[in-house]
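Starting from the structure of chain A, add chain B where the hints point.
Next come the chains, spelled out residue by residue.
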Amino acid sequence: MAHVVRMPSVVANATEAIVAQWLVSVGAHVSLGDPIAEIETEKALVEYAAEVEGTVGRLLAEPGATVAVGTPIAVVLEEGEDAASVTFDEPDPTPSRPEPAPAPQTAASATLTTTELAAPVTPPGANGTQPGGRLFTTPLVRRLATERGIDLTLVRGTGPHGRIVRRDLDAYTPTVESAPPPPASGQVAPAATGHTDVPLSGMRRAIARRLTESKTTVPHFYVTAHARVDQLLALRQEANVLASRKISVNDIVVKAVGAALVEVPAANAVWNGDAIRRFDGVDVAVAVAVPDGLLTPVVRGVHTLTVTELSARLADLAERARAGRLQQHELEGGSFSVSNLGMYGVDEFSAILNPPQAGILAVAAAKRQPVVGEDGELGVGSVMTVTLSADHRVIDGAVAAEWMAALVRRLENPLSILL
Amino acid sequence: MPQRRALKTGVPWIQLTTTRDDWRNADPKLLTGMLVQLHLIRAFEETVLELAGENLVHGPAHSSIGQEGGAVGSIIGLRSSDGVTGSHRGHHQFLAKALGHVAPEGLSLDEPVSAAVGQVLRRTLAEILGLAQGYSGGRGGSMHLQWLEAGALGTNAIVGGGVPFAAGNAWAQRHAGTDDATIAYFGDGSAQIGSVLESLNLAAAWQLPVAFFIENNLYAVSTNVEEIAADPRLSVRGQGFGIPSWKVDGMDPLAVHLATQEAVARMRAGDGPAVIEADVYRFFHQNGSYPGSAFGYRTKQEESEWRERDPLVRVATELKSLRLLDDEGERALREAAQAAMREAAHALVEEDPQAPGTRRIKPDLWPDPGFVDVGIRGDASELDALEVLEPASYGGEWRDSRFVDAVAAVMDRRMEQDPRVIVLGEDVHRLGGGTNGATKGLVKKYGPHRVIGTPISENAFTGLGGGIALDGRFRPVVEFMYPDFLWVAADQVFNQIGKARHMFGGTNPMPFVLRTKVAMGSGYGSQHLMDPAGVFATAPGWRIVAPSNAADYVGLMNAALALEDPVLVIEHIDLYGLADRVPEGDLDYVIPPGTAVVRRQGSDVTVLAYLSMVQRCMEAIEQSGVDAELVDLRWLDQASIDWDTIGASIRKTNAVLIVEQGARGTSYGGWLADEIQRRYFDWLDHPVARVTGGEASPSISKVLERAAIAGTEEVVSGLLAVRAALGGQ
Chain A
1 MAHVVRMPSV
11 VANATEAIVA
21 QWLVSVGAHV
31 SLGDPIAEIE
41 TEKALVEYAA
51 EVEGTVGRLL
61 AEPGATVAVG
71 TPIAVVLEEG
81 EDAASVTFDE
91 PDPTPSRPEP
101 APAPQTAASA
111 TLTTTELAAP
121 VTPPGANGTQ
131 PGGRLFTTPL
141 VRRLATERGI
151 DLTLVRGTGP
161 HGRIVRRDLD
171 AYTPTVESAP
181 PPPASGQVAP
191 AATGHTDVPL
201 SGMRRAIARR
211 LTESKTTVPH
221 FYVTAHARVD
231 QLLALRQEAN
241 VLASRKISVN
251 DIVVKAVGAA
261 LVEVPAANAV
271 WNGDAIRRFD
281 GVDVAVAVAV
291 PDGLLTPVVR
301 GVHTLTVTEL
311 SARLADLAER
321 ARAGRLQQHE
331 LEGGSFSVSN
341 LGMYGVDEFS
351 AILNPPQAGI
361 LAVAAAKRQP
371 VVGEDGELGV
381 GSVMTVTLSA
391 DHRVIDGAVA
401 AEWMAALVRR
411 LENPLSILL
Chain B
1 MPQRRALKTG
11 VPWIQLTTTR
21 DDWRNADPKL
31 LTGMLVQLHL
41 IRAFEETVLE
51 LAGENLVHGP
61 AHSSIGQEGG
71 AVGSIIGLRS
81 SDGVTGSHRG
91 HHQFLAKALG
101 HVAPEGLSLD
111 EPVSAAVGQV
121 LRRTLAEILG
131 LAQGYSGGRG
141 GSMHLQWLEA
151 GALGTNAIVG
161 GGVPFAAGNA
171 WAQRHAGTDD
181 ATIAYFGDGS
191 AQIGSVLESL
201 NLAAAWQLPV
211 AFFIENNLYA
221 VSTNVEEIAA
231 DPRLSVRGQG
241 FGIPSWKVDG
251 MDPLAVHLAT
261 QEAVARMRAG
271 DGPAVIEADV
281 YRFFHQNGSY
291 PGSAFGYRTK
301 QEESEWRERD
311 PLVRVATELK
321 SLRLLDDEGE
331 RALREAAQAA
341 MREAAHALVE
351 EDPQAPGTRR
361 IKPDLWPDPG
371 FVDVGIRGDA
381 SELDALEVLE
391 PASYGGEWRD
401 SRFVDAVAAV
411 MDRRMEQDPR
421 VIVLGEDVHR
431 LGGGTNGATK
441 GLVKKYGPHR
451 VIGTPISENA
461 FTGLGGGIAL
471 DGRFRPVVEF
481 MYPDFLWVAA
491 DQVFNQIGKA
501 RHMFGGTNPM
511 PFVLRTKVAM
521 GSGYGSQHLM
531 DPAGVFATAP
541 GWRIVAPSNA
551 ADYVGLMNAA
561 LALEDPVLVI
571 EHIDLYGLAD
581 RVPEGDLDYV
591 IPPGTAVVRR
601 QGSDVTVLAY
611 LSMVQRCMEA
621 IEQSGVDAEL
631 VDLRWLDQAS
641 IDWDTIGASI
651 RKTNAVLIVE
661 QGARGTSYGG
671 WLADEIQRRY
681 FDWLDHPVAR
691 VTGGEASPSI
701 SKVLERAAIA
711 GTEEVVSGLL
721 AVRAALGGQ
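As you go down the protein sequences, you meet chains A and B in turn. If you read the first sequence in this note's numbering, its first letter stands for residue 1, the second for the next number, and so on. If you read the second sequence in this note's numbering, its first letter stands for residue 1, the second for the next number, and so on.
If you're looking for bench data, these hints aren't it; they were derived computationally from the structure. All figures in this text were calculated on a predicted structure; none of them were measured in a lab. Just so you know, not all the hints are guaranteed correct.
As the list claims (entries may be wrong) - Distance windows between CB atoms, simulated:
| no. | chain 1 | residue 1 | chain 2 | residue 2 | range |
| --- | --- | --- | --- | --- | --- |
| 1 | B | V388 | A | E147 | 34 to 40 Å |
| 2 | A | R393 | B | V374 | 55 to 61 Å |
| 3 | B | W487 | A | R205 | 54 to 60 Å |
| 4 | A | E213 | B | S526 | 36 to 42 Å |
| 5 | B | G194 | A | R142 | 43 to 49 Å |
Using N, Cα and C, we set each Cβ at its ideal position, and we do this for glycine too.
Chain A extracted, bound-state conformation (with noise of 0.2 Å):
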């Protein structure tokens, strides 16, 4: 019996992806495991592979289209059956969306004329639409959708039964085919010179929303440290002499951070609305730049590897990462960030947090300059710049700053790290 291939739910909670681009064509044997479709999401770009055996009969998702969760995207089909002869449900009436939370009971007893607020959010079908095939929207987003030039029947609405609200139409990716022509001159700035709109990827868009609110609603506080890396410089040389690999600065830095989350634990936690949450492993992402963005692959338990490990891991993420192979729960968890742009010689930066992560710590060049050794006297030693970027909310100013020493003294004494 035919197969009907539905787009899965790659992230938790998410309600939609795009089918990026199809690896097989209608007609195409497809064995259990093979890699059938790239997979996006707005924090991966993930390969999904065959669950069953057989030919390929149809590919409903255009490539580039956002597709709800749970609709049917292709056909496998067994031996000798025709493609037409599949039948299915056509758009899934049971997304995979999580039951919404009741509206708030109260004990108050006065009136709410709210019925309509107060309804249950209700699942919608693939978008705004009720049965019978109404969009269903408010005013608000008849006008921007309008102006937007914004196809709403393509919007999926999360308001109250399914309607399309402004936050909806906000959140909303147009695909490069259903991309608004340019807008109507007036309604941007004319430019003196030529320009070129890219459009926003949903990793884009992603990025976008996310460190917004991170830096908006997240207390930052920031603690910077210089340094001393001559030791961990030359140690890292001594031992890329006989390494079967070569191991990076970077390695040995999250390394360093791994240790001192658990020298400290109250840092190594994140933010779970109503409770602090300390994690007994140490798991840390670490950026990743890709073409369209940043990825922010996770590695688990780094306490419990040693550098080596931890290098051919994190080199293994960083290629994926790069090449879209990520599976989805390796982007997933971790209480902490590093972000390192020392390949490109900065001298210092801050990074912006990765909620729920109360930490991130940004990571500079380092560089030979004048020091003041621990004599007094005046010389020359290689120092890195190091910001840890925390969640106040988690993390007080002694803690980051005791974190911070902790991570000091193990830059500054990398033996303890390595061994």
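Just chain B, lined up with the frame of chain A:
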């Protein structure tokens, strides 16, 4: 065996009749002047009925034919500065007053119709036909005839409705130091309605120079006075209120005149009010040109008996016997009056070219339809010269003050600066400043003539305040101890005060301030705990302010007292005792209409609130964590509300929550939600949400009262419900 002794009121009640000597002794000019007026009014009324018969009078034409003697006899001795108010059947009263104004020396048989008289006839007829050249631009018509210059204060379509205004006019006349007087005309049908009875009491208690003139024509539409009163001699009312009363034959204008002269002499001397009952008869039915007998409630015989006593015939007969008139003179007068009315009508109506043989209103005489809503209220330009101060951005020194002390302080300041300001209300002169201390210290400083404790009769003392405001020499501040009393005084509040400007043409100032306090939470129960804002917002003549803090109160009350419009000032008992503050050394600033203030910036939802709910909303926003923008409306009426501020906020948040404390039925937010959805439809991302109390009025039981009103918790719920619907999750 108990001892029993008959008690007497000691109040004179007199039947006055004329004798031959009275007619002989009367000034011939007075008698001929009466006859001229009687004929002019008769011819006028005949013309009105003729035009009504041609369907040219829109609405009822209540004819005074047969009753002219009462109005002419009583008014002919008055000054222009004396006032009269009338009822729905008031053409004759209005004309008598207007004719007396344009011909203060009286009309003569030699020249019965001067140019000025012709103009009065034409403009009065134009008003009755609803034409632009009428005294009220055609707005008032037959039942709302007003010419303030002439002392014609307005006839009234509400039975007894104009009587409290007459008492107020008399109050102003007396306290302005004049010996002018006012006559309130009404009929047998009005003689037992609350407005009249309450006014009788007020006038007697305060010795006001007002005469209650009962035109007893025996029928309230078709109901005979014998059916509705135990004693059909309605002047008996004076006995119950301590008011000297006269009963006269209204078909004898001289008798009416003599009785009125006696009454007016008392009033001018400061001896207080009078009741005059004139027995009259309308020759036709309630309205239109058929006799009452045609409708079966009286006989043709009764009608013919009364017609034989026609006041025109009576006066002419007496004049002839005094050789002051002959048949030819009488005929000439009749013809002159009819000719004057033909001329007046000719100026207003013409042959209808579409329907030969019929007439129509001259089309260019109609009011411009664009005039329909002009002058509902003033343009507030009276505030232009005043100091504006915005407490929300005030940077100077502050002084601590409880809210209620700021109420008393600003009233003190205004009374000190403006001798026209007076205060009226129940117990405002006692208890250390009324029941809440809002008039603290005022009676001591300004005396009982400016801080006036009233009987418990809201309809009369509110209407009395309305009459004072219309007069303009004083600016009354009336207090309702509880807002629900507005229903008791509803006719005066809404039909009279609220419409007094627009109904009479849009130019009358009505500087009337009504203070009241919302008392939800005080346990006073279902009949004391309303929020009046919603009801007043439906009455376009009224402006409404609802201050949420003491500094705003000062500025809003000063604006209310400066405006030439009726303004409802809503207070709240929860605010009275609060430690608050006002700008140091300044009780003179105003906060003009159209100035809402944003108390908290936010992006998720616009919360619209006023009065004590502003602080409740602020608490609820903090508790809920919803990023709401809180707008304190301050001015609530449809003309004064600040759409600029509201609109800017809605464009920003795209969602609205209207918050009020009280019961949903009389709530304020309904019209506001309606207006918002029309003004901002394209900016709304969500239905307009509301928080109100329950459906019913709050009960006495503490638990039920709390359940019936909205507080911080209900606002939190409202905010959370709004947030749940915002979407994007």
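These are the hints, each one checked on the structure:
no., hint, result
1, B/V388 <-> A/E147: 34 to 40 Å, "holds, 38 Å"
2, A/R393 <-> B/V374: 55 to 61 Å, "holds, 60 Å"
3, B/W487 <-> A/R205: 54 to 60 Å, "holds, 58 Å"
4, A/E213 <-> B/S526: 36 to 42 Å, "violated, 49 Å"
5, B/G194 <-> A/R142: 43 to 49 Å, "violated, 54 Å"
In terms of the numbered hints stated before, the structure departs from hints 4 and 5, listed from lowest to highest.
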